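*Asks:* Chain by chain, the residues:
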Amino acid sequence: MTGEASKAQDIFQDTLREAAFLAANGEPPADRCWFFREARWRCLDVVAHGVQPEHGASESTEVSPQAPEQIEQLEPEQLAIWISAAPEPQRSALALYYLDEFNYREMMSMLGLKLNELSRAIASGRREFQAWLNTTVPAAAPE
Amino acid sequence: MKRLSRGLRTLADCAPIANAKAPDRRMRTAVSRAKRIEGFAAQQSFDRAVAKLVQATPVSPEIQEWFPNEKMAEGAKRNWRKTALHPAILAIGIALAVIAVVAWIKFDEQMHAFPGMATAKKLLNVAAMTRPSELEPMQTEAGTLSDLFFMKYRLEHYDVPPEFSRQRTIGVRVFDDDEAGQVAQISLAEKRMQLFLFPARRDSKTGKPEEFEGWRYVEQEGWTGAVQAHKGILFMAVVRGPKKDLAPYLAAKPQLR
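Line by line, the protein sequences are chains A and B. Residues are numbered in our numbering as their position in the first sequence, beginning at 1, plus a constant of 1252. Residues are numbered in our numbering as their position in the second sequence, beginning at 1, plus a constant of 943.
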């Protein structure tokens, strides 16, 4: 999210420090979502003071049955770059969703989104990624 | 997904990539219905492929060093002691305890309530405040005073029960009380006990005295009374102390009245 490992490390350490401070005051973080939520807000704060990406209107198309083959041709870094270029909160929603570690309630809690907002962010991300896939790694024509 | 309702479609759009992770029934319903809809299978294949790619994303050694122990991000679990000492839980617990105690006291009162209880309590106050000089000296057996009450005051059935009839008296008086009516008060030599005889409460519809079986206890400010009903008259033996001070007298084998 930050684009720089050093900034990410600072945020990581600040988050842990905050957790330790709370624990020392007898109010330790209640669950692991707290860490993600806290770290995300810190990331957004850092990003807000940095260079802002230009968000143009993204093309979108319905998810294709050939998408798995297209995705297999990608490098993980390409996916990371595409997700990191998405606008907030879609970027965080996609990152958390595809980490496949959280259920939708946890994601709503961490991102401060309502269900329809979370659903819209993921569904539109899916369609936009499909459109990007079609441009980057066109599906093989059926024989 | 044209045939899915809006709510279920919203849920299906963020359906768990691994089916087993559906957190609640609504999500399981949404996934179950969505599986019958064209396009959902493609969505799931898409999501699985992206998740697989995410899992394959290499993590640099220096970032791996940040997480030597993933469990540290699980958050602290409250133990039962900490949960119990939380101010909100504590306040609720105390409130429930107070409610339970008050409810128990009320229930206990109801269980031991009897007709004339209020008057009996009032006479406990009288017993506490009576000085020996206020009573007419009378040294005899308590059981013989029935005749005195009848002959001198026209008080019928003001009989001392057999459990106390052999006790020696040191004083006696009869007075009118607004609530109790004509009350006979006897002071005994033993343990400075006092005996009261007063009319039983009458039923407002039938006019008959309300009676009850056996002995009933009434307590107030360190004084205890044992009350019995007989022929429309309530008898109360009063002692300064707990129930156990009166119990031996009540347990004694009664003689015929």
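Everything labelled a hint here was simulated from the structure, so no lab data went into it. Among the hints, erroneous ones may be present.
[To be verified] What follows is a set of in silico ranges between Cβ atoms, one per label pair, in the way DEER data are often shown:
1. I1006(B) with N1368(A): 40 to 50 angstroms
2. A1038(B) with R1357(A): 39 to 49 angstroms
3. I1048(B) with D1266(A): 24 to 34 angstroms
4. N1368(A) with A984(B): 15 to 25 angstroms
5. Q1261(A) with V1041(B): 50 to 60 angstroms
6. T1387(A) with S975(B): 40 to 50 angstroms
7. D1266(A) with I1037(B): 36 to 46 angstroms
8. R1269(A) with I1048(B): 45 to 55 angstroms
9. T1388(A) with Q1007(B): 25 to 35 angstroms
10. Q1261(A) with V1045(B): 52 to 62 angstroms
[As the list claims (entries may be wrong)] Which residues of chain A face chain B? A few of them, derived with a C-beta cut under 7 angstroms, are:
11. F1273
12. A1276
13. E1279
14. V1315
15. I1323
16. G1364
17. L1367
18. N1368
19. L1370
20. S1371
21. I1374
22. S1376
Note that the structure is a prediction, hence the values are computed from the model and not measured. We treat Cβ as the ideally placed atom computed from N, Cα and C, and that holds for glycine.
*Asks:* Indicate, hint by hint, whether the structure satisfies it.
*Replies:* Hint by hint, here is what the structure shows:
At about 34 angstroms, the beta-carbon gap between I1006(B) and N1368(A) misses the expected band of 40 to 50 angstroms. Against the hinted window of 39 to 49 angstroms, the Cβ-Cβ separation of A1038(B) and R1357(A) comes to about 31 angstroms, which falls outside the hint. Between I1048(B) and D1266(A) the C-beta distance comes to about 56 angstroms, which lies outside the given range of 24 to 34 angstroms. With their beta carbons about 23 angstroms apart, N1368(A) and A984(B) fall inside the hinted range of 15 to 25 angstroms.
The supplied range of 50 to 60 angstroms is met by Q1261(A) and V1041(B), whose beta-carbon atoms lie about 53 angstroms from each other. The given range of 40 to 50 angstroms is broken by T1387(A) and S975(B), whose C-beta atoms sit roughly 35 angstroms from each other. At roughly 39 angstroms, the beta-carbon separation of D1266(A) and I1037(B) lies within the given 36 to 46 angstroms, and the hint holds. Checked against the given bound of 45 to 55 angstroms, the beta carbons of R1269(A) and I1048(B), roughly 53 angstroms apart, stay inside it.
At roughly 29 angstroms, the beta carbons of T1388(A) and Q1007(B) sit within the given window of 25 to 35 angstroms. With their beta carbons about 59 angstroms apart, Q1261(A) and V1045(B) fall inside the hinted range of 52 to 62 angstroms. With its C-beta approaching chain B no nearer than about 13 angstroms, F1273(A) sits outside the 7 angstroms limit, and its interface hint is violated. Residue-level restraint check for A1276(A) is violated (minimum Cβ-Cβ distance to chain B is 12 angstroms; threshold 7 angstroms).
Checking E1279(A) against chain B by beta carbon gives a least distance of about 9 angstroms; that is not within 7 angstroms, so the hint is violated. The closest approach between the C-beta of V1315(A) and any C-beta of chain B is roughly 5 angstroms, which is under the 7 angstroms cut-off, so the hint is satisfied. With a cut of 7 angstroms, the hint placing I1323(A) at the interface with chain B holds, because the nearest CB-to-CB distance is about 4 angstroms. Here the hint on G1364(A) is broken, as its CB sits about 15 angstroms from the closest CB of chain B, past 7 angstroms.
Residue-level restraint check for L1367(A) holds (minimum Cβ-Cβ distance to chain B is 6 angstroms; threshold 7 angstroms). Interface hint at N1368(A): satisfied, since its Cβ lies 5 angstroms from the closest Cβ of chain B, which is below the 7 angstroms cut-off. Nearest Cβ of chain B to the Cβ of L1370(A): about 6 angstroms, under the 7 angstroms cut. The hint holds. For S1371(A), the interface hint holds, the least distance from its beta-carbon to any beta-carbon of chain B being 4 angstroms, beneath 7 angstroms.
Interface hint at I1374(A): satisfied, since its Cβ lies 5 angstroms from the closest Cβ of chain B, which is below the 7 angstroms cut-off. The closest approach between the C-beta of S1376(A) and any C-beta of chain B is roughly 9 angstroms, which is over the 7 angstroms cut-off, so the hint fails.
The structure shown violates the earlier hints numbered 1, 2, 3, 6, 11, 12, 13, 16, 22.
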